[in-house]
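Chemist: Residue numbers (our numbering), protein chains in the order written: chain A, 385 to 666; chain B, 5 to 272.
Take these hints with a grain of salt, some might be off.
Calculated lysine to aspartate or glutamate pairs in the DMTMM-like style (CA-CA distance at most 20 Å, straight line) [to be verified]: (1) A:Lys-454 <-> A:Glu-611; (2) A:Lys-511 <-> B:Glu-43; (3) A:Lys-511 <-> B:Glu-238; (4) A:Lys-477 <-> A:Asp-562; (5) A:Lys-479 <-> B:Glu-258; (6) A:Lys-454 <-> A:Asp-535.
Source of the hints: derived by calculation from the structure; they are not laboratory data.
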Amino acid sequence: MTRRGLAAATAFLAPPGLWIAVFFVLPMATIVLLSFWRVVDYDIVADFTLANYQKLFRPLYLDVFWRTIKVSLLVTVISLLIGYPVAYYLARKTKRFRVTLLVLVILPLWTSYLVRTYAWMLILGTKGAVNQGLQAVGLTSEPIAWLLYSDFAVTLALVHIYVPYLILPLYSVLEKLDPSLFEAAKDLGGGRWRTFWHVTLPLSLPGVATGCLFVFIPSMGSFVTPELLGGTRSILIGSIVAQQFGVAFEYPLGSAMALAIMGIILLAAVALLRAGRPAGVA
Amino acid sequence: MPALRIPTTPLFALWTALVLLFLFAPLVLVVLFSFNTSEISIFPIRGFTLEWYGRLAANTTFRAALANSFIVAGATVILATALGVAMATGVHRYAARWRTVLRSASSVPMMVPHLILGIALLSFFNIVEADLSLLTVIAGHSIVAFPYVFLIISARLVGFDPSVEEAARDLGASTLTIFLEITLPLLAPAILAAALISFTLSFDEVVVTFFTTGTDNTLPMMIWSMLRFGITPEINAIATLTIVVSCVMAGLAEIAIRRARTTADRRQ
Chain A
385 MTRRGLAAAT
395 AFLAPPGLWI
405 AVFFVLPMAT
415 IVLLSFWRVV
425 DYDIVADFTL
435 ANYQKLFRPL
445 YLDVFWRTIK
455 VSLLVTVISL
465 LIGYPVAYYL
475 ARKTKRFRVT
485 LLVLVILPLW
495 TSYLVRTYAW
505 MLILGTKGAV
515 NQGLQAVGLT
525 SEPIAWLLYS
535 DFAVTLALVH
545 IYVPYLILPL
555 YSVLEKLDPS
565 LFEAAKDLGG
575 GRWRTFWHVT
585 LPLSLPGVAT
595 GCLFVFIPSM
605 GSFVTPELLG
615 GTRSILIGSI
625 VAQQFGVAFE
635 YPLGSAMALA
645 IMGIILLAAV
655 ALLRAGRPAG
665 VA
Chain B
5 MPALRIPTTP
15 LFALWTALVL
25 LFLFAPLVLV
35 VLFSFNTSEI
45 SIFPIRGFTL
55 EWYGRLAANT
65 TFRAALANSF
75 IVAGATVILA
85 TALGVAMATG
95 VHRYAARWRT
105 VLRSASSVPM
115 MVPHLILGIA
125 LLSFFNIVEA
135 DLSLLTVIAG
145 HSIVAFPYVF
155 LIISARLVGF
165 DPSVEEAARD
175 LGASTLTIFL
185 EITLPLLAPA
195 ILAAALISFT
205 LSFDEVVVTF
215 FTTGTDNTLP
225 MMIWSMLRFG
235 ITPEINAIAT
245 LTIVVSCVMA
255 GLAEIAIRRA
265 RTTADRRQ
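Hey, can you work out the whole structure from these sequences and the hints?
Modeler: The following block contains the structure:
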């Protein structure tokens with residue numbers, strides 16, 4: 385590269401690179417460091433210890449981690465089951481309404497997840513729309529209490545918030561599939577199900593993997609939704625992490641928990657992207 | 005088994021309609037309740053009123069939060085868009101060999117849940133003894149929005165004809181002139197889309213704000229404290245306002261992206 389080229393490259397790349405280094409890389413490095421430190425008398429002391437990671441194995445925390453993984457997996461699977469037919473319809477079954485429908489799927493994605501979580505409080509509360517409806521038609525005589533402040537509420541709201549994240553990447557993969565493949569499958573006498581199992585599904589796996597990841601990651605780290613809809617019955621790890629950075633003032637323990645979440649996310653990413661590698665049409 | 009062939013397309017259409025209903029019904033409910041005369045958000049809708057919006061307009065806490073939200077979102081738009089455009093153009097032009105790696109690296113902040121980004125920023129500001137204020141909030145939001153800007157601009161640059169820039173260079177134009185006179189105008193619709201998306205992201209962000217703000221509240225923070233410490237009937241009006249702002253911004257961004265695509269197609 386010429387000197388002029390180098391100067392220009394630096395002018396473009398250095399400012400954003402520096403900004404990201406200071407406000408993203410350094411903060412992330414800070415919690416890695418903190419996770420090995422300890423708190424003495426409400427003061428963070430730079431004193432190497434593994435105690436924070438050992439604490440993660442307390443039954444209480446293991447329980448919450450396990451529940452968070454279970455809820456996140458459930459949210460991912462339900463989103464896939466709900467979202468796949470939508471992505472398939474948008475990509476392969478409709479031409480006329482495609483753009484309109486795509487915009488309709490994208491719009492809720494940009495509205496605040498806090499507001500959407502709040503909306504579910506209105507729907508699922510003891511005086512909420514669902515309970516009122518059930519009582520009005522005489523299906524129940526008393527409001528169902530477990531609708532709100534439960535794993536059910538948290539799972540439902542997380543699916544609602546993150547399912548568009550799954551539909552979009554899946555749609556873009558399905559849309560690019562060569563139509564001649566489906567004609568070939570038909571000509572060779574493959575029924576609809578066989579075509580789906582042996583052609584469509586395997587070819588759409590990269591989209592499935594990306595989509596699932598886009599749902600699993602924010603679910604694992606969710607804080608607002610479980611905090612508002614989970615109550616005391618359904619506490620997820622996000623709330624416990626947040627507590628360590630609030631009144632508890634246990635930054636080191638909170639950092640260790642956050643890194644454990646990142647570890648789980650990384651494992652899921654590796655597993656999913658491996659499973660989603662485009663395979664040959666077998 | 006061709007004996008029984010049920011037409012599947014209407015089933016898929018019905019399913020898609022149901023999913024859209026699932027996505028929109030909760031939002032519609034909030035909007036409906038914001039115009040309801042009843043003080044509590046339950047059915048039946050008693051009557052139409054603008055009282056809650058009127059009360060908001062007179063509420064000084066709300067006005068301060070709204071102003072803060074606009075300050076933070078405005079600053080985030082400028083920062084994230086400038087940094088994202090610089091990074092995307094830089095990577096496209098000068099780092100062709102590492103393009104794939106740098107693209108993945110730039111989207112890493114997207115893979116970190118906002119909660120973890122928030123606590124990491126809080127810890128960092130704590131260690132360097134920076135006072136929490138709207139400035140720290142803006143720094144956090146810029147990291148949230150940056151990857152989106154980068155991806156939108158990069159996607160546009162892929163379909164870019166390099167011969168235009170080369171021709172300008174051959175005619176003796178400087179790097180800065182080329183960037184300002186050729187690259188920027190070509191990127192304009194994509195930049196507009198990126199700016200609008202950054203605005204929505206910042207305007208709605210609550211978790212990163214929660215950990216990085218000092219005493220100043222933004223609109224989502226005001227909703228958050230209401231939900232934690234006492235709901236007032238105005239909450240539906242505030243929520244509706246944020247829904248409207250996000251939808252308008254995202255809708256405009258969508259139009260800008262589509263326009264960018266069609267002009268690029270026409271040019272080729």
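Chemist: Compare the structure with each hint and give your call.
Modeler: Cross-check of the supplied hints:
| no. | hint | in the structure |
| --- | --- | --- |
| 1 | A:Lys-454 <-> A:Glu-611 | 17 Å, holds |
| 2 | A:Lys-511 <-> B:Glu-43 | 14 Å, holds |
| 3 | A:Lys-511 <-> B:Glu-238 | 19 Å, holds |
| 4 | A:Lys-477 <-> A:Asp-562 | 14 Å, holds |
| 5 | A:Lys-479 <-> B:Glu-258 | 18 Å, holds |
| 6 | A:Lys-454 <-> A:Asp-535 | 10 Å, holds |
Going down the numbered hints, you'll see the structure goes against none, and every one checks out.
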